[in-house]
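Colleague: These are the residues of each chain, in order.
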Amino acid sequence: MSFANVTLELLSGFGMTCLLFILTLAFALPLGLIICFGSMTKFKPVRYIVRGFVWIIRGTPLMLQLFVVFYVPGMVFNTPIFAPFGDYGRFVAALIAFVINYACYFSEIYRGGIESISKGQYEAGQVLGMTKGQIFFKIVLKQVIKNIVPPMSNEIITLVKDTSLARVIAVADIIFKAEEILSLKALIWPLFYAGAFYLIFNGLLTLLFRRTEKSLSYFHS
Amino acid sequence: MAYLEVRNIRKSFGSTEVLKGIDFDLKQGEVLSIIGSSGSGKTTLLRCLNYLETADEGQVSLNGDVIFDANTIKQESSDQIRTRRLNFGMVFQQFNLFPQYTALENVMLAPNQVVPSILKAKKAEFKIQYEDLPFIERTRTINREVRKYRKYLLDNNKEMAKELLTRVGLHDKMGNYPCELSGGQCQRVAIARALAMRPNILCFDEPTSALDPELTGEVLKVIRELKETTNSTMIIVTHEMEFAKHVSDKVIFMANGVVEEAGTPKQVFDHPKSEKTVAFLKKAVEDTEYEEIGAVDNV
Ligand SMILES: Nc1ncnc2c1ncn2[C@@H]1O[C@H](COP(=O)(O)OP(=O)(O)OP(=O)(O)O)[C@@H](O)[C@H]1O
Ligand SMILES: [Mg+2]
Numbered sequence: 001m002s003f004a005n006v007t008l009e010l011l012s013g014f015g016m017t018c019l020l021f022i023l024t025l026a027f028a029l030p031l032g033l034i035i036c037f038g039s040m041t042k043f044k045p046v047r048y049i050v051r052g053f054v055w056i057i058r059g060t061p062l063m064l065q066l067f068v069v070f071y072v073p074g075m076v077f078n079t080p081i082f083a084p085f086g087d088y089g090r091f092v093a094a095l096i097a098f099v100i101n102y103a104c105y106f107s108e109i110y111r112g113g114i115e116s117i118s119k120g121q122y123e124a125g126q127v128l129g130m131t132k133g134q135i136f137f138k139i140v141l142k143q144v145i146k147n148i149v150p151p152m153s154n155e156i157i158t159l160v161k162d163t164s165l166a167r168v169i170a171v172a173d174i175i176f177k178a179e180e181i182l183s184l185k186a187l188i189w190p191l192f193y194a195g196a197f198y199l200i201f202n203g204l205l206t207l208l209f210r211r212t213e214k215s216l217s218y219f220h221s
Numbered sequence: 001m002a003y004l005e006v007r008n009i010r011k012s013f014g015s016t017e018v019l020k021g022i023d024f025d026l027k028q029g030e031v032l033s034i035i036g037s038s039g040s041g042k043t044t045l046l047r048c049l050n051y052l053e054t055a056d057e058g059q060v061s062l063n064g065d066v067i068f069d070a071n072t073i074k075q076e077s078s079d080q081i082r083t084r085r086l087n088f089g090m091v092f093q094q095f096n097l098f099p100q101y102t103a104l105e106n107v108m109l110a111p112n113q114v115v116p117s118i119l120k121a122k123k124a125e126f127k128i129q130y131e132d133l134p135f136i137e138r139t140r141t142i143n144r145e146v147r148k149y150r151k152y153l154l155d156n157n158k159e160m161a162k163e164l165l166t167r168v169g170l171h172d173k174m175g176n177y178p179c180e181l182s183g184g185q186c187q188r189v190a191i192a193r194a195l196a197m198r199p200n201i202l203c204f205d206e207p208t209s210a211l212d213p214e215l216t217g218e219v220l221k222v223i224r225e226l227k228e229t230t231n232s233t234m235i236i237v238t239h240e241m242e243f244a245k246h247v248s249d250k251v252i253f254m255a256n257g258v259v260e261e262a263g264t265p266k267q268v269f270d271h272p273k274s275e276k277t278v279a280f281l282k283k284a285v286e287d288t289e290y291e292e293i294g295a296v297d298n299v
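From first to last, the protein sequence lines stand for chains A and B. The numbering of the first sequence is the working numbering, which starts it at 1 and goes up by one. The numbering of the second sequence is the working numbering, which starts it at 1 and goes up by one.
In isolation and in its complexed conformation, chain A is listed as follows (with noise of 0.2 Å):
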């Protein structure tokens, strides 16, 4: 098997892995924000729930999340709940448990970036006559954003490795095709080039973050 034959055969694991990615971060960026303030709403029975539901998440393995999202519902509903997405079954599966695993990741560190606000700067605004919105968008929201650049790029670099664990519901990954070229033609090189990938990967997000962080460090809160 040709370098130009594993490339493209990796390649297309690739595309599968990136995709995997993109969607997790579109849709896990939003709930997580949900999912934050349902943890720090007033309402003490969501707020227990929902913390309890955080808890568990991120107390199990993702690995073991990926066989519970595909197997129980089935097992539940006795009917195979991903037949209609026919090939993207097991991705739409891998998906929705990423999703809702890294949903329960980002809340904390919105949680997180929220409370390290200090009261202050709430009561400075409030006594200036602002509304509760301009307080949020206009004095609290960059100061967030801030804190949370650091630990979000971490948990971002953790998810483009993590995406990996996929294949354990066989979602064609680019580790998964590395592996069925280690077991078809005997080949070991091509998972170590398959590591190349991530390491470009995370090395383009590292740059991006750090330019991320420099535009925001004009000033300390």
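Think of the hints as simulated: they come from the structure by calculation, not from any bench. Please note that a few of the clues may not be correct.
[Claimed, not checked] Where chain A lies over chain B, by a calculated footprint (3+ residues, C-beta under 8 Å):
{"no.": "1", "region": "5-17"}
{"no.": "2", "region": "105-119"}
{"no.": "3", "region": "230-242"}
[As the list claims (entries may be wrong)] For each label pair, taking beta carbons as the anchor points, the in silico distance ranges come out as:
{"no.": "4", "chain 1": "B", "residue 1": "E214", "chain 2": "A", "residue 2": "Y218", "range": "44 to 50 Å"}
{"no.": "5", "chain 1": "A", "residue 1": "L216", "chain 2": "B", "residue 2": "E131", "range": "45 to 51 Å"}
{"no.": "6", "chain 1": "B", "residue 1": "D212", "chain 2": "A", "residue 2": "T158", "range": "41 to 47 Å"}
{"no.": "7", "chain 1": "B", "residue 1": "E275", "chain 2": "A", "residue 2": "Y218", "range": "53 to 59 Å"}
{"no.": "8", "chain 1": "B", "residue 1": "Q94", "chain 2": "A", "residue 2": "N154", "range": "26 to 32 Å"}
{"no.": "9", "chain 1": "A", "residue 1": "K132", "chain 2": "B", "residue 2": "K27", "range": "32 to 38 Å"}
{"no.": "10", "chain 1": "A", "residue 1": "M63", "chain 2": "B", "residue 2": "S77", "range": "50 to 56 Å"}
{"no.": "11", "chain 1": "B", "residue 1": "F135", "chain 2": "A", "residue 2": "P150", "range": "52 to 58 Å"}
{"no.": "12", "chain 1": "B", "residue 1": "N71", "chain 2": "A", "residue 2": "G112", "range": "47 to 53 Å"}
{"no.": "13", "chain 1": "A", "residue 1": "G120", "chain 2": "B", "residue 2": "D212", "range": "49 to 55 Å"}
Backbone N, C-alpha and C fix where the C-beta goes; we use that ideal spot for every residue, glycine too.
With chain A held as given, fit chain B with the ligands onto it using these hints.
Modeller: Quick look at chain B with the ligands alone, frame taken from chain A:
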């Protein structure tokens, strides 16, 4: 009838009563200093006046209008409270500047938030004014006039902010972020920011307590100048006894949530009637002397 009348303000946190019925009056243009030992309820009183805490009982009236009544406050909308709290300005011990904005932007921020609602009212005016124009012409004219007026308002706010920063001696620091300013400079920005909403009464909660000793002077000077040049009505919670003595028209000594003694600085500082006041002032003098000796020791 006094300008500000505070009647029977009571406030408890849980089962501890922190304010046990506070009464005082203040005339327009007067400066009131509130002194008292730690935990006597001074901050809580200021916070009640600024609606940051809701008093359990009592009334506050300004210029004859009731602006706070513990019995009816629950029925008021947050917009009503928001308008009312503009009667008071507040300068915090910890400055609470907005770190992502420059000094100038800090001062302009709140006035600029009001611009959209002013424009809305103005647009309604323009609609009547240009009623006779044909539709397209009319829309275009109104939009142009509104844009012009918006720019006028924003420019005005900027001018005002610059003037205020100049008044507190920071004309050369307008473009600096709070993290680039000293504590004293930050507190002066905070004073300018509070003045920008043109409060009727400006409240200070220990404005110099978070500052290094050598920086307190510049802030106290600004407050003194405010009194002399603009005749502002102010309420100042402070531990700076010398300052309180010289700047105030009226002094209140608080102890355990009550007004233990009130009067002119002369009455309270030189001829205190209450034993608690005597003890407090004696301790304050000792503390200052101790600090001075400490300072000498450090040299
Ligand atoms: N939000 C709160 N919840 C519970 N107790 C409070 C709260 N705010 C203040 N207190 C209590 O009320 C009492 C008075 O506090 P306050 O801050 O008004 O005192 P102070 O006179 O400003 O003191 P200091 O000189 O130390 O600033 C204190 O015993 C304090 O612990
Ligand atoms: Mg206090």
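Colleague: All hints, please: hold or fail.
Modeller: Hints, verified against the model:
no., hint, in the structure
1, 5-17, "violated (count 0)"
2, 105-119, "holds (count 4)"
3, 230-242, "violated (count 0)"
4, B:E214 <-> A:Y218: 44 to 50 Å, "violated (28 Å)"
5, A:L216 <-> B:E131: 45 to 51 Å, "holds (49 Å)"
6, B:D212 <-> A:T158: 41 to 47 Å, "holds (44 Å)"
7, B:E275 <-> A:Y218: 53 to 59 Å, "holds (54 Å)"
8, B:Q94 <-> A:N154: 26 to 32 Å, "holds (31 Å)"
9, A:K132 <-> B:K27: 32 to 38 Å, "holds (35 Å)"
10, A:M63 <-> B:S77: 50 to 56 Å, "holds (52 Å)"
11, B:F135 <-> A:P150: 52 to 58 Å, "holds (54 Å)"
12, B:N71 <-> A:G112: 47 to 53 Å, "violated (40 Å)"
13, A:G120 <-> B:D212: 49 to 55 Å, "violated (20 Å)"
Of the hints listed earlier, those the structure fails to meet are numbers 1, 3, 4, 12, 13, in rising order.
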